[in-house]
Every structure is written in C-alpha cells, then in structure tokens.
Amino acid sequence: MARSLRGAAAIVGVADAASPTGELALRGRALEAAMIREALDDAGLTLDDVDGVACSGIATGIAEYLDLHPRYVEGTFVGGSSFEVHVEHAAAAIAAGLCDVVVGVYASTPRGDRRHGASPAAFGPMGPDVAAEWENPYGPMMPMTSYALAADRHMAQYGTTPEQLAQIAIDARRWAAMNPRARYRDPITIDDVLASPVIASPLHQLDCCLRTDGAGAYVLASAERACDLASSPVFVLGAASATDHWVISQMPDLTVTPGAISGPAAFVHAGITTDDVDVLEAYDSFTITELLHLEDLGFCAKGEGGAFVEDGKLGPGGALPTNTNGGGLSYTHPGQYGIFLLVEAVRQLRGSAGERQVPGAEIAVAHGCGGVLSATGTVVLGTEATL
Amino acid sequence: MTRRREPPVSDEARPFWDATREQRFRLPWCSECEVAIWYPRATCPRCLGDAIEWRDDDGGGTVYAASVHSKPGPGREAEDGPYVVVLVDLDAGVRMMSNVVGCPPGDVAAGMRVALAWEPLSDGRHLPVFRPADWKL
Numbered sequence: 108m109a110r111s112l113r114g115a116a117a118i119v120g121v122a123d124a125a126s127p128t129g130e131l132a133l134r135g136r137a138l139e140a141a142m143i144r145e146a147l148d149d150a151g152l153t154l155d156d157v158d159g160v161a162c163s164g165i166a167t168g169i170a171e172y173l174d175l176h177p178r179y180v181e182g183t184f185v186g187g188s189s190f191e192v193h194v195e196h197a198a199a200a201i202a203a204g205l206c207d208v209v210v211g212v213y214a215s216t217p218r219g220d221r222r223h224g225a226s227p228a229a230f231g232p233m234g235p236d237v238a239a240e241w242e243n244p245y246g247p248m249m250p251m252t253s254y255a256l257a258a259d260r261h262m263a264q265y266g267t268t269p270e271q272l273a274q275i276a277i278d279a280r281r282w283a284a285m286n287p288r289a290r291y292r293d294p295i296t297i298d299d300v301l302a303s304p305v306i307a308s309p310l311h312q313l314d315c316c317l318r319t320d321g322a323g324a325y326v327l328a329s330a331e332r333a334c335d336l337a338s339s340p341v342f343v344l345g346a347a348s349a350t351d352h353w354v355i356s357q358m359p360d361l362t363v364t365p366g367a368i369s370g371p372a373a374f375v376h377a378g379i380t381t382d383d384v385d386v387l388e389a390y391d392s393f394t395i396t397e398l399l400h401l402e403d404l405g406f407c408a409k410g411e412g413g414a415f416v417e418d419g420k421l422g423p424g425g426a427l428p429t430n431t432n433g434g435g436l437s438y439t440h441p442g443q444y445g446i447f448l449l450v451e452a453v454r455q456l457r458g459s460a461g462e463r464q465v466p467g468a469e470i471a472v473a474h475g476c477g478g479v480l481s482a483t484g485t486v487v488l489g490t491e492a493t494l
Numbered sequence: 098m099t100r101r102r103e104p105p106v107s108d109e110a111r112p113f114w115d116a117t118r119e120q121r122f123r124l125p126w127c128s129e130c131e132v133a134i135w136y137p138r139a140t141c142p143r144c145l146g147d148a149i150e151w152r153d154d155d156g157g158g159t160v161y162a163a164s165v166h167s168k169p170g171p172g173r174e175a176e177d178g179p180y181v182v183v184l185v186d187l188d189a190g191v192r193m194m195s196n197v198v199g200c201p202p203g204d205v206a207a208g209m210r211v212a213l214a215w216e217p218l219s220d221g222r223h224l225p226v227f228r229p230a231d232w233k234l
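Going down the list, the sequences are from chains A and B.
First residue of the first sequence? That's 108 in this note's numbering, and the numbers climb one at a time after it.
First residue of the second sequence? That's 98 in this note's numbering, and the numbers climb one at a time after it.
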C-alpha cells in the first residue's frame with residue numbers, strides 16, 4: 108500500500124545540550140523540560156500548542172510533569188534509533204489528524220548521575236520516582252487504592268451506593284456463566300459482594316478484577332487485504348486516545364477519566380452515537396472503573412452511573428450488553444486486559460460468540476483504560492454492513 | 098513510629114525535605130504565575146519558567162477522598178492496624194496524598210477539614226500527615 112506521509116509534517120523547532128566537560132548542570136525531568144522549552148521557543152510555539160508527546164519510555168510521565176494532557180503519546184523503545192521511529196509514527200499520526208504538534212525529547216546524564224551519587228530509584232534517567240517519594244510512604248496498595256479513592260469520591264459527590272457498584276460485578280458474572288473459559292461462573296448476589304472482604308474501602312473483594320494468566324493477539328490489515336480473507340472483516344470505524352496523569356494524586360478530578368475525551372472523539376470519527384452501540388467491551392478493572400466509563404462515554408450523565416446500572420441492563424438480555432465474556436471481574440485479568448476487549452468485540456461482530464452472542468450485533472466499542480485511570484483508548488468496530 | 102516505605106529525596110524536592118527536619122512545611126511556588134506546584138518540580142508546568150520559590154505554608158486543607166486500608170500495604174505491618182489513605186486539597190491550591198492520624202480511620206471522609214501533623218522518618222526528616230482540624234491536643 109502506498110504511504111501518504113510525504114509533506115504531511117515538518118520539524119519546526121530543535122534544541123540540544125552538551126558540554127566540553129562532558130557534564131551538564133541539569134538532569135532528569137528538569138533537563139527534559141529545558142530542552143522542550145528551547146525547542147518550543149525555536150519554533151515560536153508554547154506548551155499550549157502541544158497535543159502530542161514522544162520519548163523512548165513512559166511519555167505520560169513527562170506529560171504529567173509539564174501538566175500536559177496529550178491526545179497522542181509515543182513511547183516506542185528500539186534503542187538509539189527510537190527518535191527516528193517516533194518521527195515516523197508522529198508524522199503518520201499528524202497525517203491522520205490524531206494530533207497537530209508533537210514534542211519529542213530525550214535526556215540522559217550518566218556522568219552527572221554518578222557524580223551526584225544518585226540511586227537509580229531516586230534519579231534514574233526517567234526523572235524522579237514520583238510514587239516512591241509522594242505516595243508510597245502513605246501505604247497505598249496500588250493499583251487498588253487509586254480506584255478505591257475514585258469510588259469514595261464518586262460516592263461522596265453523587266451518592267453512588269455499594270449496592271449499585273455490586274450490580275456491575277453481578278452482571279459480569281452472569282455473562283461469565285456462559286463462557287466456558289471464565290475463571291468464575293457461579294452466580295453472585297448483592298449480598299455476596301457486600302459480604303466479601305473490604306481491603307481498601309469502599310471496594311469489596313468482588314468489586315475487584317481477577318488475577319489470572321491470560322494472553323491474546325490480533326491482526327490488523329488494510330481494508331483491501333481484509334476483504335480477500337476468509338473470515339468476515341471487522342472494520343475500525345473510529346479510534347481515539349487520551350491521557351490525563353500517571354499517579355493518582357495528580358488526577359484532577361477522580362470522577363472523570365480521560366475516556367470523557369477519547370470516547371466522544373472516537374464516536375465522532377465513527378459517525379455514531381451511544382444509541383448505535385450494540386455491544387460494549389469496557390475495561391472493568393474494578394466496578395467503579397466500569398461505572399466511570401459508562402458516564403464518560405456518554406451512556407448516561409455524569410453522576411448518574413449508579414442509577415443507570417441498577418436494573419441490570421449491562422447483563423445478558425439487558426439494554427446495553429457489556430463485557431460479554433465476563434470481563435476482568437469474572438473471565439480473566441492477567442494485568443493488561445485491553446486485548447481481551449478487542450477479541451470479544453470482534454467475536455460478537457462476527458456472530459461467533461456462541462451462547463453469549465448478542466443477536467444482530469453490528470457495532471461494538473472496545474474501551475481500554477490503563478495506569479490508574481490514567482490513559483484511555485476507545486475503538487469503535489463495525490461489520491461490513493456499517494461501512 | 099509507624100513503619101513505612103521511606104521516601105527518597107529528589108533534586109527538585111530537597112528544600113522541602115530539608116525543611117521537614119525542623120518540621121517546617123514549605124511549598125514550591127512559581128513566582129511568575131503565582132501558583133503553588135505539587136509535586137515539586139524544577140520547572141513551572143504553566144510557563145516552563147524556573148522561578149521556583151519555596152514559601153512556608155500552614156498545611157490547612159480538606160479531604161478530597163479517603164480509603165480505609167484494613168490490610169497492610171507494602172512497607173506496613175499488620176500489628177500497626179488499619180489506616181486511612183487520603184487525598185488532601187491544601188488551601189494553597191494543590192492536592193497531595195497522605196494519611197489522617199489522630200482519629201479512627203473510619204471517621205475520615207471527603208469534606209473533612211484537616212491540619213498538618215508530622216511523623217518522624219529514620220534519617221531525621223519528617224513526613225507530613227494530617228489530623229482532624231478540630232482535634233484537641
């Protein structure tokens with residue numbers, strides 16, 4: 108397939124730092140920030156213009172340090188050539204309209220680090236370890252503490268109840284009952300959820316995802332190739348991502364995830380509304396996670412997620428079939444659950460989901476949420492009929 | 098003394114930790130933007146300037162969210178009992194993670210006014226924690 112990047116993007120500002128002594132005064136994030144400032148000055152731009160961040164590591168960490176909330180992050184690491192790869196990827200992202208201005212950065216100060224006697228934990232080239240310095244001394248159990256705090260805030264702000272959160276776990280279990288590979292398949296009740304141990308209030312053990320082995324894969328091909336292949340293709344109708352923070356104490360509003368940005372953006376790309384969604388696969392690391400997704404994706408208003416789920420509409424036969432494989436709460440959760448969202452959405456749209464098939468499913472949404480409510484990716488998928 | 102994972106000292110936060118040796122609570126402010134910054138950074142995330150100024154703060158704040166931990170997290174010991182992890186919105190306009198001590202953990206809730214307290218660390222520094230603002234000595 109022809110590539111269409113020619114002329115799609117240009118480098119408009121640069122900066123670098125070096126010294127004859129072989130050492131620089133600045134290190135870590137401070138050095139990265141100085142480089143970014145110089146390059147932006149060179150370009151005549153400011154941080155407000157930046158909506159993409161690239162580095163050979165955790166781009167979200169740099170973004171958080173600069174209080175940026177980029178809609179495009181690039182963290183590919185392939186050694187010294189990472190930055191050329193980033194330019195390629197970022198140009199493609201710009202050509203596709205995912206972002207307008209990407210800042211890429213690199214800083215490494217092995218001599219200075221050694222002279223300062225820095226311990227890698229405190230001053231790695233990744234910058235200060237924010238969690239070690241400002242969260243871990245207070246005894247959080249990550250990631251659970253982050254979600255517990257979000258649930259507590261949602262309850263305090265909107266009156267959401269433990270019973271309403273429990274309903275989300277119950278509906279996931281009802282789907283899992285129809286999935287022979289699910290970890291847990293026996294039905295549960297609100298009383299079961301509320302009677303399970305509270306480790307970090309207000310979350311009960313049955314509000315929390317499983318810890319299991321698991322694996323998945325997918326193949327993405329051009330539409331041209333896809334149409335020649337044996338199985339019915341499932342088309343990407345729209346996709347968007349958004350990032351917000353890296354540690355929970357930096358999350359501006361614990362009741363609003365970046366899905367409030369990526370969800371509506373993906374729906375606009377796909378030309379759909381929430382009414383068009385036949386199946387929702389949305390990352391249920393904890394029951395509160397699912398509730399926040401429903402609000403942020405626009406299935407109900409902010410604060411109304413508790414009332415929205417009460418009638419069991421997420422379960423089999425409900426108005427919004429959600430996490431139809433049993434989800435992270437009852438099917439499997441090996442740590443990074445996102446691939447299972449895509450796999451189950453594709454199975455539903457191919458009509459190959461067996462006993463748990465949602466009849467006539469044409470449009471499915473796979474909505475991933477990583478970190479601690481930190482970064483979301485929303486993918487709208489559809490059958491050929493939806494093109 | 099509660100057992101904890103003790104915090105490292107980053108370059109950016111050295112003035113903060115040094116001040117805790119004498120139980121002084123200081124926050125970094127950008128003197129250009131006139132905003133407090135948390136966690137400490139060498140660079141203002143608004144203007145990218147480096148005019149960071151350390152100002153004394155009384156540490157008054159309001160609990161934004163709270164979670165009682167009934168099992169010990171990493172670095173904690175079971176015999177130290179349940180504790181509450183909170184996010185506190187300081188009156189200075191920044192939010193930090195902490196613990197509220199000096200009352201039953203289950204009494205701590207979003208909206209509660211809190212005041213600064215200190216817990217000693219093994220190297221002479223102190224860790225800022227909070228107590229209910231209406232707590233009497």
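Derived by calculation from the structure, the hints in this document are not laboratory data.
C-beta: ideal position from N, C-alpha, C; glycine also.
Among the hints, erroneous ones may be present.
Take a look, some chain B residues computed to stay more than 12 angstroms from chain A by CB distance [what the hints assert, rightly or not]: (1) A116; (2) E119; (3) E150.
Covered stretches of chain B, as calculated for chain A (at least 3 residues, CB under 8 angstroms) [unchecked claim]: (4) 99–113; (5) 131–142; (6) 159–166; (7) 188–199.
Negatives, chain A to chain B, calculated, CB over 10 angstroms [stated by the list, open to error]: (8) A124; (9) R136; (10) G211; (11) D236; (12) R260; (13) P294; (14) K409; (15) G410; (16) A460.
If you check each hint against the structure, which ones fail?
The structure conflicts with hints 9, 11, 12, although it agrees with all the remaining ones.
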